[in-house]
Amino acid sequence: MNLTEEQKQRIAEVREANRETRSEKTYVVIGPHRVNGKSVGETILLSLTPSLESALLTAGHIALPSAAQEQPKAPVKEKAAPAAKERKVTASG
Amino acid sequence: MAKLILKNCAIEVSGVDFSDHVSSVEVNLSKDEIDTTNFGGDGRERAHGLKDDSFVLNFQQDFAAAEVDATLYPLWDLESEFTVTVRPTSAAVGVSNPGYSATCILLEYQPLAGSVGELSETSVTFPAQRTGITRAIA
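Chains A and B, in that order, are what the protein sequence lines are.
Under this note's numbering, think of the first position of the first sequence as 1, with each following residue one higher.
Under this note's numbering, think of the first position of the second sequence as 1001, with each following residue one higher.
Hints are computed from structural coordinates only; laboratory data are not their basis.
Heads up, none of these hints are tricks.
Below, a list of computed lysine-lysine pairs in the BS3-like style, where the Cα atoms sit at most 27 Å apart:
| no. | chain 1 | residue 1 | chain 2 | residue 2 |
| --- | --- | --- | --- | --- |
| 1 | B | Lys1051 | A | Lys8 |
| 2 | B | Lys1007 | A | Lys38 |
| 3 | B | Lys1031 | B | Lys1051 |
| 4 | A | Lys38 | A | Lys25 |
According to the in silico footprint, chain A covers these stretches of chain B (three or more CB under 8 Å from chain A):
| no. | region |
| --- | --- |
| 5 | 1062 to 1076 |
| 6 | 1080 to 1092 |
Chain A residues, not near chain B, derived (Cβ > 12 Å throughout):
| no. | residue |
| --- | --- |
| 7 | Asn2 |
| 8 | Glu6 |
| 9 | Gln69 |
The beta carbon of each residue, even a glycine, is placed where N, CA and C say it ideally should be.
All chains should be modelled from the sequences, with the hints used to inform the complete structure.
Quick look at the structure:
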C-alpha cells in the first residue's frame, strides 16, 4: 500500500497521541531494592509514563521528594501518642 | 572467558533489582517463520518474520511492601510498559557480560500457586514490545 506523505504524517501523529508521554522527575528510592543502581535514601532522576510512575509509587520503590520527607515524621507522631496515654493512665490511677 | 556457571545474574524489572528474588531466567529470541516455499526447489524455503522475543523469570514470591507481588501486580493491573534487563553477571555491561533488555508488558500473572510445604514461586513471561530484545555490550 502506497501512502502519501500527508497520510504518513497523520499516522505518526495518531501514534504519538496514543503513546503515553514520559515526564522526567526526581524521586527518592524508599524500597529495599536498588532502582537503576540507586539504594534507599538516594535521589534518582527517572523519565516515566503516568502508569509506570503509578506502578512504582504504589509498589513502594520510589517516592516523590516531598512525600519522602513526610515519611520520617509519621513514626515520631505514633511514638508520641502512646506516651500521652500512659501519662493519663498514671494520673487517673 | 571461561564457561559460565550461573550464580549472580543481574535481573532488573522496571529498573528495580530483583536478583535476590529470581531463581531462573530465560532470554528467548525468536522470529516468526514465514514459509516462502516455491517451485524453485525440492524443499521448503523460509524467511525471517516479525520478532517475538520474551523473558521468562521465575520469581520467589514475596508479598511484603516493595517486593515481588507489590511490583508485578500494578504492572499487570495498570497495563504499563516497562523495561526488563538481564545480564549474565552483576558486573557492568561489556563484551563478556552482554546486557539484554527490552520494553515489555505483563499479560499474565499468577500471584499464588503451589502445594503445602513448597516455596511459593511464580513463573512470569515478559513479552517484548516492538523492537524486541536488544543486546548491549557497552
